[in-house]
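Colleague: Starting from the given sequences, assemble the full structure and let the hints guide the process.
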Amino acid sequence: MNDDIRPNRLLQVVAYAVAILTSLLFLYPYWWMLVSAFRPTRAIMSAPLRPWPETLNFQIFSEIGRIGGVNLSTYAVNSLAITTLSTILGVIVTALGAYALVRRPKAPGFTLVRYGFLITIMYPYMLLVIPVYLVMFKLGLLGSYAGIILFLALGPLQFFLFEQFFRKIPNEVIEAAVIDGASEWQILTRVVLPMAMPITATVALITFLLNWAQWFPIMVISRSPDTYTLPVALLSMNSELGSNFQGIMALAVLTTLPVAALFLLAQKRVMEGMAAGAVKG
Amino acid sequence: MMDALGSLSRDRIFYLFVAPFAALTILFGVWPIVLSIQVSFTASATALRPNPTYVGFANYIAVLADPIFLASLSRTLLYTVLSVFANLAFALGFAILLDSTLLKRGNLFFRLAIFLPVVTPDVAGYVVWRWLFDRSFGAINAALKMLGLPAFGGLSSVDTAMLSILIAELWHHAGFYMIIFLANLSIRDRALEEAAHIDGATTWQRWWYVILPQLRPALVINTVYALIQFLKTFTVVVVMTKGGPNDQTNFVSYYAYQLFDQARYGEATAMATILFAIVIGLSLTAYRIGDREPGK
Numbered sequence: 001m002n003d004d005i006r007p008n009r010l011l012q013v014v015a016y017a018v019a020i021l022t023s024l025l026f027l028y029p030y031w032w033m034l035v036s037a038f039r040p041t042r043a044i045m046s047a048p049l050r051p052w053p054e055t056l057n058f059q060i061f062s063e064i065g066r067i068g069g070v071n072l073s074t075y076a077v078n079s080l081a082i083t084t085l086s087t088i089l090g091v092i093v094t095a096l097g098a099y100a101l102v103r104r105p106k107a108p109g110f111t112l113v114r115y116g117f118l119i120t121i122m123y124p125y126m127l128l129v130i131p132v133y134l135v136m137f138k139l140g141l142l143g144s145y146a147g148i149i150l151f152l153a154l155g156p157l158q159f160f161l162f163e164q165f166f167r168k169i170p171n172e173v174i175e176a177a178v179i180d181g182a183s184e185w186q187i188l189t190r191v192v193l194p195m196a197m198p199i200t201a202t203v204a205l206i207t208f209l210l211n212w213a214q215w216f217p218i219m220v221i222s223r224s225p226d227t228y229t230l231p232v233a234l235l236s237m238n239s240e241l242g243s244n245f246q247g248i249m250a251l252a253v254l255t256t257l258p259v260a261a262l263f264l265l266a267q268k269r270v271m272e273g274m275a276a277g278a279v280k281g
Numbered sequence: 001m002m003d004a005l006g007s008l009s010r011d012r013i014f015y016l017f018v019a020p021f022a023a024l025t026i027l028f029g030v031w032p033i034v035l036s037i038q039v040s041f042t043a044s045a046t047a048l049r050p051n052p053t054y055v056g057f058a059n060y061i062a063v064l065a066d067p068i069f070l071a072s073l074s075r076t077l078l079y080t081v082l083s084v085f086a087n088l089a090f091a092l093g094f095a096i097l098l099d100s101t102l103l104k105r106g107n108l109f110f111r112l113a114i115f116l117p118v119v120t121p122d123v124a125g126y127v128v129w130r131w132l133f134d135r136s137f138g139a140i141n142a143a144l145k146m147l148g149l150p151a152f153g154g155l156s157s158v159d160t161a162m163l164s165i166l167i168a169e170l171w172h173h174a175g176f177y178m179i180i181f182l183a184n185l186s187i188r189d190r191a192l193e194e195a196a197h198i199d200g201a202t203t204w205q206r207w208w209y210v211i212l213p214q215l216r217p218a219l220v221i222n223t224v225y226a227l228i229q230f231l232k233t234f235t236v237v238v239v240m241t242k243g244g245p246n247d248q249t250n251f252v253s254y255y256a257y258q259l260f261d262q263a264r265y266g267e268a269t270a271m272a273t274i275l276f277a278i279v280i281g282l283s284l285t286a287y288r289i290g291d292r293e294p295g296k
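Here the protein sequences line up with chains A and B, keeping their order. If you count by the working numbering, then the first sequence holds residues 1 to 281, one letter each, in order. If you count by the working numbering, then the second sequence holds residues 1 to 296, one letter each, in order.
Don't read these hints as lab results, they were simulated from the structure. Take these hints with a grain of salt, some might be off.
Quick list of in silico lysine to aspartate or glutamate cross-link-like pairs, DMTMM-like style, CA-CA up to 25 Å [claimed, not checked]:
#1 A/138 / B/199
#2 A/106 / B/11
#3 B/145 / B/159
Quick caveat, the model's predicted, so the values are computed rather than measured.
Modeller: Structure below.
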């Protein structure tokens, strides 16, 4: 009976064993990727489990300096630029959109916008991307950064997080500003936006992490590897025949490291934000 | 009069606020979906021309009579059921473990370890898993050999390919479902458990009758999310198996993509529409079942 409140020792040991073992299994791929990036392909073949590299040699990062005829630095800059710009654009557009839909849910046409958005996020993403190719072609945006950034701007989680936040603003706060004679623009910039700073930071962070990982729309909208980001470059390197194993692992490290570091710095915000955005959906 | 004008201009600015959002939704959401459905009723060879030939439901009939599609659809459904179950069971189990009083230290570390793969770019994660499963490079078979266990077929064997990608996808997604369970666990009513404890309920009874019913919202959300997620399984196939071996992992979205690549636009978009209908139907059903109050 007593073990309901104070768990017994054995149970605790088992719980720790399970938690530690599972966590290490989840982390092992990262360790293996990191170690393999520093080991020649032949060495990995003969001893795949070696827990650390023979020598700490950064040579591989200059060897993969050019992939598919494009400089590695171009992919890295593309990743940073496309992710940052689509995040900024997405946050602004989604915040304003969600705000309008929450404040005037019954305005003519607004329900249609809502349903259009909900249907879009239900549609199988990879199958949506294909007709998007046709749309990009018609708009003359194929192969352009603008096309990629515009497409990546919208996402379900971002919208739900903002919607949920705006819904929670008490009506009295807005009413008071209206009575004071504030215009809607003033209400937005002086009342709502200052309150929305924390949620905006959360959404920006999550959008950055999600958009950094994007690959399929970028591959489809691109006309050449010049607009590829790191994940797309990694995928095309991985698909090559007789692939350079060490190089693939090195590129995987470069693709993972920035977002893993960002996540670890802001883990609380990211995990809470993602849970909140999903619970709303 | 002034009032009416005032409220009109007050409304007008909201149209300005919503305009960019509406424009992006229409341009890159509604329009492509409509286009896709339209193409599904045309002959592939003429699909992209200004005046395509409409063929009615011919593409749908062709798709539904295609044995590869039917096999692909049943495999997709099987994979979805297995994945939803495996992911939610793992996520719920681990959330309960983390929420219990058993783990006093290291809670954050465990949480981060399981959640890190969620924010890891999926391509990078699956590339690493692809090679982990590899027969000659892979750490998995090397470890099994060291432990004296039989080799694991991984991605190259028809028997284990689906299991292998299920494992890789669980690694990538389970942390997300876990934090939703954890969020739900943290807002539950603990007074109920104390009451049950005082009434002499066993640990098991407390879980089954007191805690689990309170996790209903998280269970519903996770089921709907996981259904949508795994019905659409795509990236892992592109990175790890390309649909093989012997079509074992050739799920609907990948098959449709292949047809699109072969310029069979009509059939590809018909498949997309069918998958879309299944996604909507299943999610709504899961939502309805979950929303119903117990006993009603």
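Colleague: Verify the proposed pairing of residue 138 of chain A with residue 199 of chain B, using a straight-line Cα cut of 25 Å.
Modeller: It is violated: about 69 Å lies between the C-alpha atoms, which goes past 25 Å.
Colleague: Verify the proposed pairing of residue 145 of chain B with residue 159 of chain B, using a straight-line Cα cut of 25 Å.
Modeller: 19 Å, holds
Colleague: Can you confirm whether the C-alpha distance between residue 106 of chain A and residue 11 of chain B stays at or below 25 Å?
Modeller: Given pair residue 106 of chain A, residue 11 of chain B holds - Cα atoms ~11 Å apart, limit 25 Å.
The structure shown violates just one earlier hint, number 1.
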